[in-house]
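> Below, each chain spelled out in residue letters.
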Amino acid sequence: MSKLNETDIQGFTLRGYNLPVARYIFLEFTDAERARELIRRLLGEITTGQQWDGGKPESTVNIAFTHRGLAALELPDATLLSFPVEFQQGMRKRADILGDTGRNDPVRWDPVWLDGRVHAWLGVNAKSAEALEARCAQMLALTRETGGATLRGSQDAAAAVVDGAQTTKEHFGFTDGFGNPDYLGVTRSSQPGQGKLMKDGSWAPLATGELLLGYADEAGELPVAPVPHLLASNGTFMVYRKLHQNLATFRAYLEEQAARYGGGKEKLAAKFIGRWRDGTPVELSPDRADSSIAQDPAQSTNFKFGADLEGTRCPIGAHIRRVHPRDAFGFNGKLIDRRRITRRGLPYGRFAAESETVSDSDDRGVIFMALNADISRQFEFVQQQWIEYGNDAHLGNDKDILMGNHGGHGKFVVQGDPTATNPPLICSRLPNFVELRGGDYFFLPSITALGMIALGLVDPR
Amino acid sequence: MPNESGKVSGLTILSPIIDDDKAIPSHDLQIRRYLAGLPTDEESPFALAPGTHLARLVVMDDVIYVGMPACEEHLKSKYLVFESNCDGDLEGYLRGLAANVPDYLDAIWSHCVGYPGAANVAAFVDYMKACQIETTFYFAAVNDKSVPETLRALRTQRAVADFVASHQGMEPARVQREFAQLVAALKTQPIPKAGSMGPRRDIKTGGRNE
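Read top to bottom, the protein sequences are chains W and E.
With numbering that gives the first Met the number 0, letter number 295 in the first sequence gets 294, and the count goes up by one each step, no holes.
With numbering that gives the first Met the number 0, letter number 20 in the second sequence gets 19, and the count goes up by one each step, no holes.
If you are wondering where the hints come from, they were derived from the structure by calculation, not from laboratory data.
From the three backbone atoms N, C-alpha and C, an ideal C-beta is built for every residue, glycine too.
Any given hint might turn out to be false.
[To be verified] Now the in silico label distances, taken between C-beta atoms and shown as ranges:
| no. | chain 1 | residue 1 | chain 2 | residue 2 | range |
| --- | --- | --- | --- | --- | --- |
| 1 | E | Ala35 | W | Gly407 | 51 to 59 angstroms |
| 2 | W | Asn331 | E | Tyr64 | 32 to 40 angstroms |
| 3 | W | Glu309 | E | Gln175 | 55 to 63 angstroms |
| 4 | W | Asp104 | E | Asn142 | 31 to 39 angstroms |
| 5 | W | Asn331 | E | Arg154 | 50 to 58 angstroms |
| 6 | E | Ala35 | W | Arg187 | 28 to 36 angstroms |
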């Protein structure tokens with residue numbers, strides 16, 4: 000595997016920018032020629048994966064398209080029809096497979112997702128609110144000048160500010176953003192536990208084709224990709240999901256269950272997630288948060304579940320164990336290497352301190368964006384089998400406690416032992432702590448592919 | 000050992016489908032149409048007759064030629080494939096099918112060459128055995144338990160999980176008393192019907208999410 004061409008890959012694909020504020024702009028293309036002109040003008044604006052030798056820029060811009068968007072850009076039919084089925088269908092049509100029913104049913108989504116007119120996602124990240132406003136104004140001016148797109152809506156997101164400081168916390172109070180995988184050829188300050196588990200117990204990067212189209216994946220195959228190869232290569236697929244968080248419900252449920260739990264409230268919260276609120280992995284420190292572990296890159300993601308098959312340290316159904324089971328299913332972790340996703344995204348809405356009264360109707364949640372080469376094999380599998388179903392984890396029909404579409408049913412088992420501070424507990428009548436408010440599947444092309452689209456040079460032959 | 004795995008028997012049958020130019024539609028199409036309408040819940044014939052853990056009926060048209068460098072080959076006949084993991088010995092299982100769901104069997108297998116009908120039980124059993132090939136792989140979830148044992152265990156598991164969830168922190172004497180009541184109730188309840196405990200789902204045509 001030679002080094003990837005970082006100048007050809009969108010920066011958003013290769014790295015989390017770790018910039019504190021963002022706006023995701025949703026555009027509709029109304030005239031193909033003008034839309035292509037807009038993309039041509041945007042080409043010089045798109046942030047690539049090149050290293051930032053001179054420090055982070057004030058802001059970044061990236062772009063991705065829905066299948067409808069690519070159709071509106073008048074890509075050839077032979078190309079449009081060569082995209083994977085799930086991408087052609089879009090997320091809304093996949094609702095049954097994803098368990099997006101009941102409270103998560105598309106009829107309850109934000110209006111912007113209901114009329115099928117979101118054609119493009121323009122992601123702007125910035126160092127400051129001022130920089131964000133300036134860059135967004137510039138982008139919108141471009142759309143007006145070219146007449147290439149109309150604004151369908153936008154979504155602001157920002158790192159949670161806790162006690163005046165920017166953090167990586169999400170609204171339930173947990174430090175987030177630990178577990179992204181490493182990929183072969185992607186330059187990144189990696190840490191043990193982020194790739195795939197090797198026979199000798201070490202961790203190695205996943206095959207590039209688990210993230211990028213045009214490269215071999217963990218099975219040695221090329222991911223299903225559109226033609227021509229040049230359109231697909233160095234691109235990826237993005238799943239965008241706006242996840243509303245019912246903070247009042249979460250707090251009340253945790254209080255109610257903790258009253259019956261001998262380990263105390265914070266320990267129970269940690270058992271739900273698999274990390275203490277400061278990020279300390281429960282598997283490494285089952286009895287207390289330990290910032291020396293949480294903040295140590297050599298430890299914070301460097302753990303396995305194979306020695307804890309009973310789940311008495313980290314429950315078998317803990318969120319991070321379900322969505323990244325590591326070696327929990329045996330076979331030295333080999334069963335999960337083709338089910339990994341890369342997460343991007345930020346919270347939205349104001350962070351509320353524990354002392355504040357909150358309501359479920361407060362507008363807060365997380366913009367979840369997952370990148371993967373194969374939406375069906377990676378994101379959809381994780382969502383369908385590991386979040387909305389429990390069989391792989393030997394948990395029957397139990398859903399993921401945090402993300403599951405419980406509808407007031409289901410259970411979460413905290414496995415325990417005979418010690419007074421680590422008792423077993425069964426939490427039942429689970430409410431929905433998280434609700435889906437919309438989203439879609441996007442294609443995040445390479446710089447070359449953007450140029451081909453802009454110039455009308457996509458040729459499937 | 001082929002065809003037996005502990006208490007469970009594996010059955011794989013290939014029945015040649017009648018090739019008759021005058022049949023409209025052809026017999027394989029008639030089987031497909033009939034199978035597509037079969038219930039998959041407790042009304043399934045394999046739930047009405049005892050002893051089936053898992054059954055699958057497939058119409059096999061031919062081997063598919065995938066192009067060079069494979070060589071092109073064809074089957075001499077279309078086949079109906081019947082696979083089943085069942086309790087006890089094969090003969091008893093087949094007799095159970097013939098006794099409980101003869102109409103279903105006849106509706107399916109009457110399109111196959113030489114099928115004698117389920118009314119003549121001995122001939123039916125001989126026919127099925129004549130069509131049998133070896134089974135070497137089994138449905139992993141069978142766990143060497145019989146169908147009634149599995150159904151009872153599933154219900155017990157659910158009931159105990161619900162019991163634990165609703166009795167946590169309760170005074171021990173009361174937990175013990177109510178647990179004894181639960182155990183007694185579980186013992187006297189009839190075994191749930193086969194096919195009644197899974198989620199409702201339609202017949203699917205493939206494994207992919209499409």
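> It remains to establish, for every hint, whether it holds in the given structure.
Verification of the supplied hints:
no. : hint                                    : in the structure
1   : E:Ala35 x W:Gly407: 51 to 59 angstroms  : violated, 36 angstroms
2   : W:Asn331 x E:Tyr64: 32 to 40 angstroms  : holds, 39 angstroms
3   : W:Glu309 x E:Gln175: 55 to 63 angstroms : violated, 25 angstroms
4   : W:Asp104 x E:Asn142: 31 to 39 angstroms : holds, 37 angstroms
5   : W:Asn331 x E:Arg154: 50 to 58 angstroms : violated, 36 angstroms
6   : E:Ala35 x W:Arg187: 28 to 36 angstroms  : violated, 51 angstroms
Consistency note: the structure conflicts with the earlier hints numbered 1, 3, 5, 6.
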